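J.: Listed below, chain by chain, are the residues.
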Amino acid sequence: MINTIINGKNTDVDVPPDTPILWTLRDALGLTGTKFGCGAALCGACTVHLDGQAIRSCVTPISVAQGKKITTIEAATGGDDKVGNAVHAAWVKHDVAQCGYCQSGQIMSATAFLKSLPHGKQPTVAEIDSAMAGNICRCGTYTRIRAAIADAAKAIA
Amino acid sequence: MLPNIDYSELPRALQHILNRDNPDVPATPSRRSFLKMAGISGFALGAFPGMVLAQSTNAAKPLGPTQQPSAFVEIAADGTVTVTINRLDFGQGVQTALPMILAEELDADWAKVHSKHGNSDGAYVDPVMGLHLTGGSNSIKNSFTQYRELGARARAMLIAAAAKQWNLDPAQLRTTAGEVIAPDGRKLGYGELAQSAMEQAVPETVKLKDPKDFRLIGKPTNRLDSVAKSSGQQSYGIDTHLPGQLTAVVLRPPVFGAKIATLDDSAARGVHGVKAVLRVPLDRGAEGIAIIGDGYWSAKQGRDAVKVTWDTSGVEKVDTKKQFAQYRQLAKQAGNKYFDADVTPISTAAKKIHAEFTFPYLAHAPMEPLNCTVKFNSDSAELWLGSQMPGLDGMMAARVLGLKPEQVKVNVQMAGGGFGRRAIATSDYVFEACSIAKAVKTAGLDVPVRTMWSREDDIRGGYYRPAQLHQASIGLDAHGKVLAWDHVIVGQSITAGTAFEGFMIKNGIDNTAVEGMREPYDLPMKLTVHHPKLNVPVLWWRSVGSTHTAFVMETLIDEIAHASKKDPVAYRLEAYGDKHLRHRAALQLAVEQSGYGKKALPKGHAWGVAVHESFQTVVAYVVEASLKNGKPVMHRATAGVHCNLAVNPRTIETQVQGAALMGLSMCLPGAAITFKDGVVEQSNFSDFVVPRITEMPEIAVFIVPSAEPPTGMGEPGLPPLAPAFANAVYKLTGKPIRQLPFNV
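Residue numbers (my numbering), protein chains in the order written: chain Z, 3 to 159; chain A, 4 to 747.
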């Protein structure tokens with residue numbers, strides 16, 4: 003039994019400790035907003051926050067999260083997280099998604115990135131690209147991702 | 004996606020083929036099928052009894068299932084309008100554009116419009132082609148008038164209901180944004196009228212709006228699914244979760260079509276969560292092992308624990324290094340002739356171009372790995388998957404499960420990309436998922452099964468854009484005028500051996516291999532084609548034949564322009580003359596907007612241009628590129644698009660940007676599937692490389708204004724991008740690029 007705090011809720015999960023966080027979320031807990039893309043930390047579709055840090059949940063065993071906080075896309079937007087809400091609003095305003103499958107991971111990476119910036123700092127395109135280079139989008143939404151992140155950064159400044 | 008052909012004979016041909024294989028399939032969808040659609044979450048207009056009345060009073064030409072509003076629009080008491088789309092949305096935005104078209108004629112309040120996917124019911128076939136299909140960039144092109152008429156019919160029924168209530172002549176009433184309005188200003192909302200509207204007759208003929216009165220069509224509109232997709236709430240096929248459901252992962256042979264030699268599954272059976280390990284038949288006569296687990300992880304752990312040896316003795320083992328040598332040998336032989344011309348002037352021509360092009364196999368690699376969930380009861384089955392051809396997939400399911408086609412329902416799920424991989428004549432992964440469901444049932448587990456592919460399964464699982472060899476010999480006079488062009492294409496046929504063969508292959512030539520050749524240039528070209536048979540499953544990849552023909556044509560046109568000492572834009576405009584006005588308009592728009600020929604470029608930068616028509620849409624690119632440490636870099640692209648009437652300019656822009664990035668992906672290192680001893684050498688995004696945000700150029704999209712009926716938009720943005728980039732690099736290096744990915 004692993005004990006973690008998932009999206010603010012104290013949660014006991016009964017899965018083998020080497021089960022990746024991704025499959026714990028998706029198959030054991032029914033939190034399917036976090037996506038499976040590559041299983042090898044290459045595409046970023048599975049990005050969640052572990053104690054505030056963006057991690058690839060497809061290669062991180064649930065045992066690592068014992069006693070820690072996991073935040074998924076389900077709780078990153080629509081709650082009281084100012085940055086998460088700003089990112090969500092910018093994503094909708096810029097109509098970023100096409101197929102949308104990678105966007106949970108893109109949003110989790112973008113949110114972690116914006117939270118890592120000094121307050122009020124407006125990121126350059128190069129900084130955005132560098133922060134988002136681990137997240138693949140096959141539909142080609144990258145231009146809008148750049149614009150949405152720049153917009154969200156302004157909104158939280 | 005499907006190739007760019009004239010589909011006029013397709014419905015009949017395909018029905019014939021399908022009926023031959025499945026005598027139980029009705030030639031046309033049954034009328035009963037759409038009656039079942041009525042009243043799920045609201046009032047499905049025209050479901051009964053008015054529809055029957057309408058048809059019985061005009062028996063000459065009753066409305067078909069694709070014309071009945073009942074299957075496409077539901078209006079709830081609160082005025083919410085839900086439009087069912089007859090296509091798969093996998094990013095291209097028909098989930099928004101089709102409702103826009105219907106809502107336009109319905110005069111709905113756009114703020115209250117939602118949309119949902121259809122299923123394998125007969126109402127959701129492509130109205131032109133007569134089969135369920137999302138492909139060939141056909142969704143808007145073939146359903147534009149259909150969805151307008153559906154909206155207009157529903158509107159007429161709402162007006163009829165209001166007229167009855169007010170005791171007024173329907174002709175006196177008008178509508179706006181979800182309300183019927185009487186001459187004296189009284190109003191009734193669509194929600195209030197929905198129930199009584201159901202009792203009104205479905206009009207056969209309806210008057211459509213004058214396009215100048217459009218409020219929604221043509222207006223850049225945000226996607227209806229933006230909020231769900233920006234908050235993790237959008238459900239995809241892979242998210243299907245039914246009570247008791249188990250997950251299957253398959254161990255497939257390393258060479259296509261191979262069988263199991265020895266199997267030891269004892270360790271796999273011992274893995275926590277593994278419920279069964281089953282031998283199952285796979286696509287192409289192969290055999291594999293399905294590991295059934297309580298989730299993906301246990302099934303995958305089980306798969307890793309299976310000890311197996313394979314019998315590959317009976318199957319061909321392709322080797323990429325030898326393959327092109329074999330193709331070159333084939334190119335020397337007489338092939339099937341697609342175009343004919345006298346090529347004797349080449350030998351004595353003042354100038355000659357001899358060019359050979361090679362293109363590798365390419366995987367589609369959509370972000371959502373393939374998956375299919377099957378609930379198999381004894382006398383029916385239900386499937387959930389993101390399918391581009393749910394009708395064909397349902398028939399395959401019926402065949403595997405021993406059911407009649409009407410006993411199978413395919414629920415179309417939002418898909419995380421596809422690019423053609425989910426439109427597959429052999430229904431490979433549906434065959435596999437149903438074989439597993441059957442084996443699971445036989446093993447005594449009466450539960451739904453979701454079969455899932457890993458990324459490695461996807462990259463190694465076949466159905467690639469076929470590798471191609473092109474050879475061109477061109478003879479020019481001293482001024483650069485083309486005297487003769489002798490061209491050979493060698494590549495596998497995509498449709499040979501499938502249900503599409505009968506009308507795609509003519510004189511031994513698969514149309515998907517040659518589409519995009521020669522046009523729009525008036526050239527004396529001889530084109531011969533060879534289709535070698537190899538043990539590699541191949542498939543259409545976004546824009547199909549144009550993925551290679553556009554590159555060959557548009558880079559050679561630049562070489563010819565160079566030989567003629569003409570500017571590449573001027574050369575093309577002259578070639579279009581007054582015959583190809585859409586090409587001209589698209590190119591001129593891209594030239595104007597990019598500043599080509601006017602704007603000074605930074606030192607070391609060069610322009611590149613290419614234009615190509617596919618799926619009846621013309622896209623022109625003007626790109627700007629440079630070399631960084633000797634490697635080509637594309638900085639920006641300006642697109643001129645001629646797609647006739649632009650229904651949703653916002654999704655057209657994103658389709659062009661996405662297609663451009665996919666076109667760019669073909670140029671970059673790592674964009675190739677290669678074989679050694681029959682085994683795919685790549686496995687994941689580490690070695691089958693796709694572009695990341697760091698490689699994304701600026702892509703500005705401009706649309707030529709037009710009021711003509713819309714043409715395809717999902718694919719046409721792809722073909723001209725790579726040749727435009729290559730032409731810019733040619734200008735920088737003086738050496739033409741004739742290999743993809745670029746060998747610079």
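One thing to keep in mind: the hints can contain errors.
As the list claims (entries may be wrong) - Derived contacts from chain Z toward chain A, CB cut-off under 10 Å, selection only: (1) Thr13; (2) Gly39; (3) Ala91; (4) Asp97; (5) Asn137; (6) Tyr144; (7) Arg148; (8) Ala152.
Claimed, not checked - Listed below are the simulated DSS-like cross-link pairs for lysine-lysine, each with C-alpha atoms no more than 30 Å apart in a straight line: (9) A:Lys529 with Z:Lys70; (10) Z:Lys84 with A:Lys303; (11) Z:Lys95 with A:Lys119; (12) Z:Lys71 with A:Lys303; (13) A:Lys602 with A:Lys634; (14) Z:Lys123 with Z:Lys70; (15) Z:Lys95 with A:Lys115; (16) Z:Lys95 with A:Lys215; (17) A:Lys115 with A:Lys355; (18) A:Lys325 with A:Lys355; (19) A:Lys222 with Z:Lys156; (20) A:Lys222 with Z:Lys95; (21) A:Lys355 with Z:Lys11.
Rather than coming from a laboratory, the hints here were simulated on the basis of the structure.
Every value quoted in this text rests on a predicted model; they were computed, and no experiment measured them.
All C-beta atoms in this analysis are idealised placements derived from N, C-alpha and C, irrespective of residue type, glycine included.
J.: Next step is simple, just say for each hint if it's right about the structure.
T.: Hints and how they fare:
no. : hint                   : in the structure
1   : Thr13                  : violated, 17 Å
2   : Gly39                  : holds, 5 Å
3   : Ala91                  : holds, 9 Å
4   : Asp97                  : holds, 5 Å
5   : Asn137                 : holds, 7 Å
6   : Tyr144                 : holds, 4 Å
7   : Arg148                 : holds, 7 Å
8   : Ala152                 : violated, 13 Å
9   : A:Lys529 with Z:Lys70  : violated, 69 Å
10  : Z:Lys84 with A:Lys303  : violated, 38 Å
11  : Z:Lys95 with A:Lys119  : holds, 22 Å
12  : Z:Lys71 with A:Lys303  : holds, 27 Å
13  : A:Lys602 with A:Lys634 : holds, 24 Å
14  : Z:Lys123 with Z:Lys70  : holds, 29 Å
15  : Z:Lys95 with A:Lys115  : holds, 18 Å
16  : Z:Lys95 with A:Lys215  : holds, 28 Å
17  : A:Lys115 with A:Lys355 : violated, 63 Å
18  : A:Lys325 with A:Lys355 : holds, 29 Å
19  : A:Lys222 with Z:Lys156 : holds, 28 Å
20  : A:Lys222 with Z:Lys95  : holds, 16 Å
21  : A:Lys355 with Z:Lys11  : violated, 73 Å
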